[in-house]
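Trainee: One-letter residues, chain by chain:
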Amino acid sequence: MTNSKNYNQFIKDLFPFHIYFDNNLEIIEVGKSLLKIHDVEKHKSFTEYFSFERPFSVKPNVKSVSEFINQLFIIKSKINDKLLLRGQMILMDQNFLLFIGSPWINEIETLSDLELNLNDFSLHDSTTDLLHLLKTKDIVSEDLERVTQVVKDQNQELLIQKSILDDIVDSTNMGVWQWNVQTGETIFNERWAEIIGCSLEELSPTNIDTWLRYAYEPDLELSSAKLEMYFQGESENYDVELRMKHKNGDLIWVRDRGKVYSWTEDGKPEWMYGTHEDISYRKSQEDSLLKQKLFYEGILNTIPSDIAVFDENHRYLFVNPIAIKDEKVREWIIGKDDFDYCKEFSKPVSLAKNRREVFLRAKKGTPQIIEESLDYENGKEYHLRHLFPVFDKNQRLKFVIGYGLNITSIKQAQIEAEKARNEAEKQKDSKQLLLSTLSHELRNPINSIISLISLYQDENNDLDFDILNSLKVSAGNIDSIFKDILISENDQQPTDLSTINFIHFLKNFIDTYKYQFNKKGLNFDYEFDEDADCQLLFDSKLLTQILSNLFSNALKYTDFGSILFSVKSIEKNDNNLKLEFSLKDTGIGIPKEMLTKIFDRYERVPNDKQFGVGLGLNIVKEKLKLLGGVIDVKSKIGEGSAFSFCLDFEIDQTNLLKTTSVFVSEEIEQSIFLIDDEVINFLILEKLLLNRNFKLKYSDSGLKALDILHSSNFDYLLLDIKMPDISGFELLHRYILSDSFNNRTKLIAFSADSTKNLEDYRFEGFHFFIEKPLSIENLLEALKVENFDYRFFDLNQIKKLVKNDKDLIFSLVEDFVNLLNQFFKIKIGNEGQHQLLEQVLHKIKGNIGYFSGAKMVKLVGEQYILLLNSENLNYFYLASKLLLLKTELEDFLKHD
Amino acid sequence: MYGIVNKAVKGLVIDNFGQEKWNQILLKSGVQDDMFLNNQSYPDKTTFDLAIAASEVLDLGLNEVLIAFGEYWVLETGQKAYGELMKAGGQNLKEFLENLPSFHSRVMLMYPNLTPPEFRIEKKHQSLFHVHYISTRDGLTYFMYGLLLGLSKMYNESISIEVLQLKSEGFKNDIFTVEWI
Chain W
1 MTNSKNYNQF
11 IKDLFPFHIY
21 FDNNLEIIEV
31 GKSLLKIHDV
41 EKHKSFTEYF
51 SFERPFSVKP
61 NVKSVSEFIN
71 QLFIIKSKIN
81 DKLLLRGQMI
91 LMDQNFLLFI
101 GSPWINEIET
111 LSDLELNLND
121 FSLHDSTTDL
131 LHLLKTKDIV
141 SEDLERVTQV
151 VKDQNQELLI
161 QKSILDDIVD
171 STNMGVWQWN
181 VQTGETIFNE
191 RWAEIIGCSL
201 EELSPTNIDT
211 WLRYAYEPDL
221 ELSSAKLEMY
231 FQGESENYDV
241 ELRMKHKNGD
251 LIWVRDRGKV
261 YSWTEDGKPE
271 WMYGTHEDIS
281 YRKSQEDSLL
291 KQKLFYEGIL
301 NTIPSDIAVF
311 DENHRYLFVN
321 PIAIKDEKVR
331 EWIIGKDDFD
341 YCKEFSKPVS
351 LAKNRREVFL
361 RAKKGTPQII
371 EESLDYENGK
381 EYHLRHLFPV
391 FDKNQRLKFV
401 IGYGLNITSI
411 KQAQIEAEKA
421 RNEAEKQKDS
431 KQLLLSTLSH
441 ELRNPINSII
451 SLISLYQDEN
461 NDLDFDILNS
471 LKVSAGNIDS
481 IFKDILISEN
491 DQQPTDLSTI
501 NFIHFLKNFI
511 DTYKYQFNKK
521 GLNFDYEFDE
531 DADCQLLFDS
541 KLLTQILSNL
551 FSNALKYTDF
561 GSILFSVKSI
571 EKNDNNLKLE
581 FSLKDTGIGI
591 PKEMLTKIFD
601 RYERVPNDKQ
611 FGVGLGLNIV
621 KEKLKLLGGV
631 IDVKSKIGEG
641 SAFSFCLDFE
651 IDQTNLLKTT
661 SVFVSEEIEQ
671 SIFLIDDEVI
681 NFLILEKLLL
691 NRNFKLKYSD
701 SGLKALDILH
711 SSNFDYLLLD
721 IKMPDISGFE
731 LLHRYILSDS
741 FNNRTKLIAF
751 SADSTKNLED
761 YRFEGFHFFI
771 EKPLSIENLL
781 EALKVENFDY
791 RFFDLNQIKK
801 LVKNDKDLIF
811 SLVEDFVNLL
821 NQFFKIKIGN
831 EGQHQLLEQV
841 LHKIKGNIGY
851 FSGAKMVKLV
861 GEQYILLLNS
871 ENLNYFYLAS
881 KLLLLKTELE
891 DFLKHD
Chain L
1 MYGIVNKAVK
11 GLVIDNFGQE
21 KWNQILLKSG
31 VQDDMFLNNQ
41 SYPDKTTFDL
51 AIAASEVLDL
61 GLNEVLIAFG
71 EYWVLETGQK
81 AYGELMKAGG
91 QNLKEFLENL
101 PSFHSRVMLM
111 YPNLTPPEFR
121 IEKKHQSLFH
131 VHYISTRDGL
141 TYFMYGLLLG
151 LSKMYNESIS
161 IEVLQLKSEG
171 FKNDIFTVEW
181 I
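Protein chains in written order, with the numbering used here: chain W, 1 to 896; chain L, 1 to 181.
In isolation and in its complexed conformation, chain W is listed as follows (with noise of 0.2 Å):
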């Protein structure tokens, strides 16, 4: 410091900016820098550059300046006016001054204006500090003045905000509601205030009280669980429709939404805000929709028909119960299309896919019709559907309504039709074939027949026994015919029960064929159970002519070997019996393809050699399903065939209902009397029993024969139905009725009129019928002992009435018989009787269903309210039929 050299280096580093002058202001000395900024010539006048700008009242002298020593000095540069100069004077030795200081520079860029760096200032000045300050000060006015602005805009935006929100709030007409959960403050607004009826002011002052008490009680419980729900995080905002009380004293409806959007520290809510919504009017919109929605769907619902809407992407939006009669698949199917149906059902996907097409089509506008088959676990059903494309004013879809009808009845009718009208169709070739047969095979008979009468006739002979067994073939043979197709047409024959021993039925009836085989030169053979020997309950007319087909075929298509028929007991108890029926023959066979076919109506089996018109084995299978049984074919060409059948048979256990048997014997001679116009009939009877042990009377007339049956007795009587005189039927009834009645005479109608069955000739007194033509198999066949069983007493009914108690049964007998005595001994047309004869008719009318069937009730009841109407009761008619009733119930008495 010492060194004046050091010194004023040490003076020029510390103060680049100052200046030396001495008490006359000559400059000695400048700083670097400020030369650098400022032209200064030594030894020149300081004011020649430089005035004092600080203190004002300074004086650029040395005494003056000496005076402020203590003060700032500002000095300005008179060449560059920006260039102001701060610092200190010093007064030095000798009064020269030294000027200490730096620019004063208030902004960073007047440093660039005078081309200063920040090296051009000492360390120690603070001007640089100072100017950084000064630029942080202006970085953060910019900060703030740019935050202003944000906060500026922000609020702004909040205002747009607020005003917005105001005015939707406005627009939505709702009412408005602030709330601090914790202290029960509550703000509400105008609207608010207006929706109960009020207005603001008469709510003041207002708290959670004032909703409280507005609030419709029992809604609250709703309200408080909806708000604790959104409390626990269940929900995201607290929303619930409930009733408020108006001013008015009405209930309104309301929506009352709110939102937490303060929390306390602990995590407790503290301010709700939330609107209120009047929604009295959807309310009431709703409950009247809901009611129009119901009254609809109870329609839809109760209409038989399957019916969904659909909207425009064909999704369901109803479905009755009809067409999806579980209750959660129709919920779920709402909103959704038939594909998620398959998917969800395994349905095919085709289904869908049909179905969308159609709808497609519908959408279009072309209503739609389709029939659509479905696969149940039951069976197949089948719809018919109908598309509705329904459009609003524009022509915008609304939806499709679509509707099914169950048509799987109407459907499988319509099978059933074609399968009719097929089998009608196979039907009509069937008789084709059949007329075609019969036109084949009746030609032949005939022209037999007519053949073998030419040559009787050119021949003038007697009836040759030869010609006339000719013509008894060729007339058999068509008469065969035709019984198969009346039996075959006559599908809803009645089963005839009686109760007959079956192993003599059998017997019986193997006779007829045994002959015949024989004759064919083939060995018949049979096998019956034991266990057939007993009382059995059964049709035994279907039977015969289920087995006579069946043995006839066997002997039309077995020309060598053998005939084996057997009856096997499959399953016996108290009460039935199950027989196995086996007829084999060592015959042509039946081809393969023929097996299922020979069951059918007009099938055959080729045959030239045979007559027949193929309806032998359909009457088999008809008649067999009649009686519960299933024909069963086992065949091989060449061998021969099996058929075979199972049946049922109720075993009769009472002896009640065993008939007096009385068999046909030729051991003792037997009478019959024919009473026919046609004599030829009495010829061939005479042929017919030649050589065997009958007496034969004949009558062409009906009143002669009257006369005869007066003073003999016959142990058979024949009768022609049709005869000039007078029918069989009458005078069988004047035969009844005459003193010379022997009610041991079989009575057998003879006639040709098939329309009439046994059960009708029965009812009109008869036992049996012959059809003409007359050969000895049917004249065999009427005089078995069986056929002469009751005509009139039915065991059945009084055996049902009393449970086969067998002395009451016949102590109800005895009384019967006693009152049809009664009515006997009533003498017609006696004045007075006519009350006796309602009294007793009416007592029969009360008790002969007990005794006889269902067509003796009706006769009786019928001429009984004849009686009582006072017209003319058809006495002989019904009194011949009672009486046939009192013989044979006398009979029942005597033999049982």
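Wrong hints could be hidden among the right ones.
[Unchecked claim] Which chain W residues face chain L? A few, computed with CB under 8 Å, are given here:
no., residue
1, E109
2, L118
3, T128
4, L131
5, H132
6, T136
7, V140
8, D153
9, E157
Keep in mind the hints are simulated off the structure, nothing from the lab. Quick reminder that beta carbons are idealized off the backbone N, C-alpha and C, glycines included.
Could you slot chain L onto chain W? The hints should help.
Mentor: For chain L alone, kept in the frame of chain W given last:
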């Protein structure tokens, strides 16, 4: 760290990649408020989190991101805020670098709560300086690298910068070589 640094990060991303990417970076970094004040001090973590998130979202290396930030800071953010002050740092890069140590020392004086880095300039010869970067922070080496790069562009001078030594590799401090070419 000054908010001005974070602002640079934000500005760089928005200018070059768009607001959407910046939102993604914010989300990823977990930084919630992006209204940075220039002279406000923010935790260093904020800057690092933003840099790391930007690296992931923009699929760039972290060093690349830091260099880009540094360069951007000088050319955009720094110049806008401290343009004249920076110019006062020197008429050229050499002067600027020579003044850099005292400049930062003065900053420390003004903001006693901040811990700005220190620099030492070693003039190897007329066109080769060693810039010693002495910081209590780790991980900003390449931000410094980017700053140097930005300065060379600001003064429009051609230099090559290399990292001579790294604090992360066990040295006392980072040293960059700046060579005028």
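Trainee: Was the hint right that W/D153 lines chain L, CB cutoff 8 Å?
Mentor: Violated, about 12 Å.
Trainee: With 8 Å as the cut and Cβ atoms as the points, is W/V140 at the interface with chain L?
Mentor: 5 Å, holds
Trainee: If you take the shortest Cβ to Cβ gap from W/T128 to chain L, is it below 8 Å?
Mentor: 6 Å, holds
Trainee: Hint W/H132 vs chain L: min CB-CB distance below 8 Å?
Mentor: 6 Å, holds
Trainee: Using Cβ atoms only, decide whether W/L118 comes closer than 8 Å to chain L, and label the hint accordingly.
Mentor: Since chain L brings a Cβ to about 5 Å from W/L118, closer than 8 Å, the hint holds.
Trainee: Against chain L, is W/L131 within 8 Å by beta-carbon distance?
Mentor: Holds, about 7 Å.
Trainee: Answer holds if the nearest beta-carbon of chain L is closer than 8 Å to that of W/E109; otherwise answer violated.
Mentor: Since the shortest Cβ distance to chain L is 5 Å, the answer is holds.
Trainee: With a cut-off of 8 Å, does the beta carbon of W/T136 approach a beta carbon of chain L closely enough for the hint to hold?
Mentor: At about 6 Å, which falls below the 8 Å cut-off, the nearest Cβ of chain L leaves the hint on W/T136 intact, so it holds.
Trainee: Could you check if W/E157 really has its C-beta closer than 8 Å to a C-beta on chain L?
Mentor: 15 Å, violated
In this structure, the hints that do not hold are numbers 8 and 9, in rising order.
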